[in-house]
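Start from chain B and add chain X according to the hints.
Number of protein chains: 2
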Amino acid sequence: MSNSNKKIRDKIIGLGESSARKSYYPQLLENIRELKEERAKLIETVHTLEEREKELENLVEEKSILLEEVHHRVKNNFQIISSLLNLGRNSALLPSEAANFSETGRRIQVMAQVYERMLHSGILLKVQIAELLRYIAADAYYSVKKPGVRINYRMNENQLFCGVDLATPLALIVNEVISLLYSYAFSDGSGELNIELAPDTAMDSAGNTAYTIRVFDTGPGITESTKEVLEKQLGVILIRNLCSQIGGSYNYIPTASGNYNIIFSISLNKDQAA
Amino acid sequence: MSNSNKKIRDKIIGLGESSARKSYYPQLLENIRELKEERAKLIETVHTLEEREKELENLVEEKSILLEEVHHRVKNNFQIISSLLNLGRNSALLPSEAANFSETGRRIQVMAQVYERMLHSGILLKVQIAELLRYIAADAYYSVKKPGVRINYRMNENQLFCGVDLATPLALIVNEVISLLYSYAFSDGSGELNIELAPDTAMDSAGNTAYTIRVFDTGPGITESTKEVLEKQLGVILIRNLCSQIGGSYNYIPTASGNYNIIFSISLNKDQAA
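Line by line, the protein sequences are chains B and X.
Okay, so the first sequence: first residue is 349 according to the working numbering, each after it adds one.
Okay, so the second sequence: first residue is 349 according to the working numbering, each after it adds one.
Same shape as in the complex, but just chain B (with noise of 0.2 Å):
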C-alpha cells in the first residue's frame, strides 16, 4: 500500500483501534508520569500549608494568652495603685487629705471599671456606653446611698459603644457629676438624678444619626452660695478639665425657686459612637 492509499484508507476507516493504541500508549503513560508528578508536589505543598496553618495557629494562641495575661497585669497593677493610695489614705494627717485620697481611690476605680467593661464588652478596645454608665453610676451609689434619691436610667440603645479613649475621660466626669450631685443637689434628701443616652431627633448632613448623653438632677436645686464653692471643688476641676478634652459641656441650670440643678451633656457623633 502506497503511502497516499493509507492515508486515503486512514481517512475513511479512521485510525484503527490497533493505531491508536500504538500511538497514545507512551502518551498516556507520559500523561500519568506527569500526573503523579504533580500529585506529589501538590502533596507537598498542602504538607507546607499544612505546617503552616499549625505555626499561625500556635501564634495566634500565643497572642491570644499573652493579651490575657496583659489584661491580668492591667488589673494587677489597678489593684496595686489601690492599695498604695489606701497606704495613703491611713497616713493622712487631716480627714480632709485621708477623703482627698479616697476621692482619687475612687477614680481610679472608675478607670479600673472602664477597663473592666472593655475586657467583657466583646470587642476589643469598645465600651458598650449605656452598660459603663450604669456600672459607674451604681458604684457612685454604693459609696453614697442616698435611699430617697431615685436615679432613673433612660438609655435604650444596647447597641452602642465608643473606643476606651473617649470611654475613660467620660466614665471620670460621670462619676464625679454623679457624687456632686448626691453630695449637693438633694439637700432634702429627695429629688431625681437622671442620666439619659438617646439619639438626637435631627440628624447631621450626612444623614448620621448623633447621641447625646445627659446627667442631671430635678432635685431642689443648689443654691448660688454652693455653685461658687463647688466651682473651687477639685470634682469640678477636674470635670472641665475632661469636659475641654473630649468636647462635654457642665452647666447649671436656674430652677424655678431661684437655685441651679446640675447639668452634664455630651454629643457623640457617628465617629465616637458606634
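Hints should not be assumed to be uniformly reliable.
If chains are identical, the list can't say which one is meant, so a pair holds when it fits in one copy or spans any two.
Below 20 Å or equal to it, Euclidean Cα-Cα: the simulated EDC-like pairs (lysine to aspartate or glutamate) are [said to hold, decoys possible]:
1) LYS411 x GLU572
2) LYS474 x GLU505
3) LYS411 x GLU401
4) LYS618 x GLU403
5) LYS494 x GLU405
6) LYS493 x ASP536
7) LYS411 x ASP513
8) LYS493 x GLU417
9) LYS423 x GLU464
10) LYS493 x GLU576
11) LYS474 x GLU410
12) LYS494 x GLU382
13) LYS389 x GLU401
14) LYS494 x GLU579
15) LYS423 x ASP513
16) LYS402 x GLU392
17) LYS618 x GLU409
18) LYS575 x GLU505
19) LYS618 x GLU505
20) LYS618 x ASP552
21) LYS580 x ASP513
22) LYS618 x GLU479
23) LYS575 x GLU540
24) LYS580 x ASP619
In case anyone wonders, no lab produced these hints; they're calculated from the structure.
On a predicted model such as this, the values are computed, not experimentally measured, just so you know.
Leaving out everything else, chain X in the frame of chain B:
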C-alpha cells in the same frame, strides 16, 4: 485454538504487546481519570489552606495591633492616674499631704516604668532586671539630687530577666529603699549607695544558680532614734508589706560607730530569674 491451548501459548510467549494494550488501555484511562480527580481535590485543598493561611495571618496581625493598642491605653491610663494624683496634690491643705500625694505619684511612676521596661525587654511579660534597677535608681536620683552621694552599680548580669509580677513589687521596694537612703542615710551628704545583682557563689541542690539583689548604703548610717521614726513611716510599711509578698528582707546593720546601715536583699531562684 482451544482455551487450554491459548493459556499455554500465553504462558510460553507471554502476553503480546497487542494483548497488553488491549487489557491496560481502559485501566490507564481510569488511572488518569483518578489522578485528575485527585489533582482537583488537592488543588481545592491548597486553595482552602491558602485562604486559611491568609485568615490566620490577618488574625495574627489583628492581635498584634490589639496588643499594641492595649499597651498604648495602659500607658495612657498611667498618665491619667498621674494627673489625678497631681490634682490631689494641688488641692492639699498641708505640705505633708502634698508630699504624701507626690510620693504616691512617684510609686505609680515606678509601676509605669516597669511596664515601659517590659515593653522594651523584647520578651513580653518579662523585664531585664539590671536595666530596670538602673532606671529606678536614676529616676529616684533625679527626684532627690544628692551630688555628694556616689551610686555604685554592680550588675554584670545583663541577660537576666524576671516576670513583671515580680518586677513590680521589686521595683516599688527598690524605689522606696533608695528614697529612704537618700533622705536619711547620708546625713553628712556623702557616702555610697550600692546596687548589686550577682549570682550566688553556691548553687542549689539541683545545680541551679540563684541570684541575689542587694541595695545598701555605706554612709555614716542612721541613728537608733531615726530607725524608730522610719519604722513608723509609710515607706517602710510598704517595703515590709511587699517583702512579705515576694520574699525579700529589709534590715538594719550596726556600724562601728553605733549607727545603722540599711540593707534590702532578695534572693531570686531560677523560677524567678532566667
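Status of each hint after checking the structure:
With identical chains, the CA atoms of LYS411 and GLU572 are never at most 20 Å apart, being 56 Å at best within one copy and 53 Å at best between copies. When the C-alpha separation of LYS474 and GLU505 is checked against a cutoff of 20 Å, the pair qualifies only within one copy, where the shortest distance is 15 Å, while the shortest distance between copies is 42 Å. Taking the shortest Cα distances, LYS411 and GLU401 sit within 20 Å of each other both inside one copy (15 Å) and across copies (16 Å). With identical chains, the CA atoms of LYS618 and GLU403 are never at most 20 Å apart, being 39 Å at best within one copy and 29 Å at best between copies.
For the identical chains of this complex, LYS494 and GLU405 are neighbours neither inside a copy (53 Å) nor across copies (53 Å), given an alpha-carbon limit of 20 Å. With identical chains, the CA atoms of LYS493 and ASP536 are at most 20 Å apart within one copy only, with a shortest distance of 14 Å there and 54 Å across copies. For the identical chains of this complex, LYS411 and ASP513 are inter-copy neighbours only, at 19 Å across copies versus 23 Å inside a copy, given an alpha-carbon limit of 20 Å. Taking identical chains as interchangeable, the C-alpha atoms of LYS493 and GLU417 are never at most 20 Å apart, the minima being 36 Å within one chain and 37 Å between chains.
Proximity of LYS423 and GLU464 under a CA criterion of 20 Å is satisfied in both settings, with 8 Å inside one chain copy and 16 Å between copies. In this assembly of identical chains, the alpha carbons of LYS493 and GLU576 never lie at most 20 Å apart, being 25 Å within a copy and 42 Å across copies at closest. Taking the shortest Cα distances, LYS474 and GLU410 sit within 20 Å of each other only across copies (15 Å), while inside one copy they are farther apart (22 Å). When the C-alpha separation of LYS494 and GLU382 is checked against a cutoff of 20 Å, the pair qualifies neither within a copy, at 85 Å, nor between copies, at 80 Å.
With identical chains, the CA atoms of LYS389 and GLU401 are at most 20 Å apart both within one copy (18 Å) and between copies (19 Å). In the homo-oligomer, the alpha carbons of LYS494 and GLU579 never lie at most 20 Å apart, since the shortest distance is 23 Å inside one protomer and 41 Å across protomers. With identical chains, the CA atoms of LYS423 and ASP513 are at most 20 Å apart both within one copy (17 Å) and between copies (12 Å). Taking the shortest Cα distances, LYS402 and GLU392 sit within 20 Å of each other both inside one copy (15 Å) and across copies (19 Å).
In this homomeric assembly, LYS618 and GLU409 never come within 20 Å of each other (Cα to Cα): the closest approach is 33 Å inside a single copy and 26 Å across copies. With identical chains, the CA atoms of LYS575 and GLU505 are never at most 20 Å apart, being 33 Å at best within one copy and 60 Å at best between copies. Taking CA atoms no more than 20 Å apart as the test, LYS618 paired with GLU505 passes inside one copy only; the shortest distance there is 14 Å, against 53 Å between copies. For a Cα distance limit of 20 Å, the shortest separation of LYS618 from ASP552 inside one copy, 10 Å, qualifies, whereas the shortest one across copies, 62 Å, does not.
For the identical chains of this complex, LYS580 and ASP513 are neighbours neither inside a copy (27 Å) nor across copies (40 Å), given an alpha-carbon limit of 20 Å. Taking identical chains as interchangeable, the C-alpha atoms of LYS618 and GLU479 lie at most 20 Å apart only when both belong to the same chain, with a minimum of 19 Å there against 45 Å between chains. In the homo-oligomer, the alpha carbons of LYS575 and GLU540 lie at most 20 Å apart inside one protomer (19 Å), although the nearest pairing across protomers, at 55 Å, exceeds that limit. In this assembly of identical chains, the alpha carbons of LYS580 and ASP619 never lie at most 20 Å apart, being 34 Å within a copy and 52 Å across copies at closest.
Taken one by one, the earlier hints fail for this structure at numbers 1, 4, 5, 8, 10, 12, 14, 17, 18, 21, 24, listed in ascending order.
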